[in-house]
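Peer 1: Listed below, chain by chain, are the residues.
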Amino acid sequence: MTTKTLTVRYFALFRERAGCDQEQLAIEADTAGELFAEVARRHGLPHLTDAKVAVNDEMSSFEAVLSDGDTVLFFPPVSGG
Amino acid sequence: MFTVSHQALDLEALKAELPDPGAGACVIFEGWIRDTNYDKPVTALDYEVYEEMALKEGSRVMAEAAEKFDILAARCAHVAGHLEIGDCAVWVGVTSAHRDAAFLACRYIIDEIKKRLPIWKKEFFANGDTGWVNCEHGSQSASPAAPVPRGTSSSTK
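So the sequence lines, in the order shown, correspond to chains V and S.
Under the working numbering, the first residue of the first sequence carries the number -12, and numbering increases by one thereafter.
Under the working numbering, the first residue of the second sequence carries the number 712, and numbering increases by one thereafter.
Worth flagging that the hints you see were computed from the coordinates, not collected in a lab.
It is possible that part of the hints are untrue.
What the hints assert, rightly or not - Only part of the chain V face toward chain S is listed, based on derived beta-carbon distances under 7 angstroms:
id, residue
1, F(-2)
2, A27
3, G31
4, V42
5, D44
6, F62
7, P63
8, P64
9, V65
10, S66
11, G68
Claimed, not checked - Computed beta-carbon distance windows for the label pairs:
id, chain 1, residue 1, chain 2, residue 2, range
12, S, F835, V, C7, 21 to 27 angstroms
13, V, H30, S, E775, 32 to 38 angstroms
14, S, R745, V, R4, 49 to 55 angstroms
15, S, P732, V, E25, 54 to 60 angstroms
Just so it is clear, CB atoms sit at the ideal spot from N, CA and C, and this is done for glycine as well.
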């Protein structure tokens, strides 16, 4: 794994648990899933079925390979309507 | 068109966007804030919307509805912020020459909006508890075709 500088944004339940709506991290993570595992460990975020991830404002997947400078958005299960 | 509103929806103004001389049907869905969820009394809801992506994805849903169904116009608006019992959280209006297309498109739009848009609701319960829906106390039925038996619970239908 290589160290990347990433902006991580949190929403709803994840934002409340992380205690911030975004942070910049220099972190070893190749995929969005690896990044989530690390920030979940740091902040005590729950692993929720139906959580989603977006990269640079486009829906993505936890298998997506991240690039240096990406903004990664973690969405807990949505509940609009 | 899909929009996000930071104030109460003006339902008459939304409906006024729809008239068309070729329309023989207008189907409207309003999602209201209900006073109970999972058998617990609810006093209010907060909607958090990530607008940048909600607007993009909402516009995609509207375009898909126009592509899939023989409709004349479709309009949807969702509220962001604090709502109380009886308030309208989401409004969908669809017109078509004949009713079938309007019913189907309206159903498609509300179902996709609920499934795909980055919108979250936090419930405030009468006993002082709060909770994020679908995150902290089970998930509601997401099956569009399944009949909803009486007593099944979700914050808006």
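Peer 1: Could you run down the list of hints and mark each one as holding or not?
Peer 2: Verification of the supplied hints:
Against a cut-off of 7 angstroms between C-beta atoms, the interface hint on V/F(-2) holds, since the closest Cβ of chain S lies about 6 angstroms away. For the restraint placing V/A27 at the interface with chain S, the shortest Cβ-Cβ distance is roughly 14 angstroms, beyond the 7 angstroms limit, so the hint is violated. The interface hint given for V/G31 is broken, as the beta carbon of that residue sits about 14 angstroms from the closest beta carbon of chain S, more than 7 angstroms. Below 7 angstroms, beta-carbon pairs count as interface contacts, and V/V42 has none with chain S, the closest being about 11 angstroms; its hint is therefore violated.
A hinted interface residue such as V/D44 counts as satisfied when its beta carbon comes closer than 7 angstroms to some beta carbon of chain S; here the least separation is about 6 angstroms, so the hint holds. Because the beta carbon of V/F62 sits about 5 angstroms from the nearest beta carbon in chain S, less than 7 angstroms, this interface hint is met. Annotation: V/P63 was flagged as interfacial toward chain S, and the flag holds, the nearest CB pair being 5 angstroms apart, inside 7 angstroms. Taken as an interface hint, V/P64 checks out: its beta carbon lies about 4 angstroms from the nearest beta carbon of chain S, inside 7 angstroms.
Proximity of V/V65 to chain S holds as hinted, the smallest CB-CB distance being about 6 angstroms (cut-off 7 angstroms). This hint holds: V/S66 has a C-beta 4 angstroms from the nearest C-beta of chain S, less than the 7 angstroms allowed. Proximity of V/G68 to chain S holds as hinted, the smallest CB-CB distance being about 4 angstroms (cut-off 7 angstroms). Checked against the hint of 21 to 27 angstroms, the pair S/F835 and V/C7 passes, with Cβ atoms roughly 23 angstroms apart.
In this structure the hint that V/H30 and S/E775 lie 32 to 38 angstroms apart at CB holds, the actual value being about 35 angstroms. Checking the proposed 49 to 55 angstroms range against S/R745 and V/R4 shows it is violated: the Cβ atoms sit about 27 angstroms from each other. Separation of S/P732 from V/E25 is about 59 angstroms and conforms to the stated range, judged on CB atoms against 54 to 60 angstroms.
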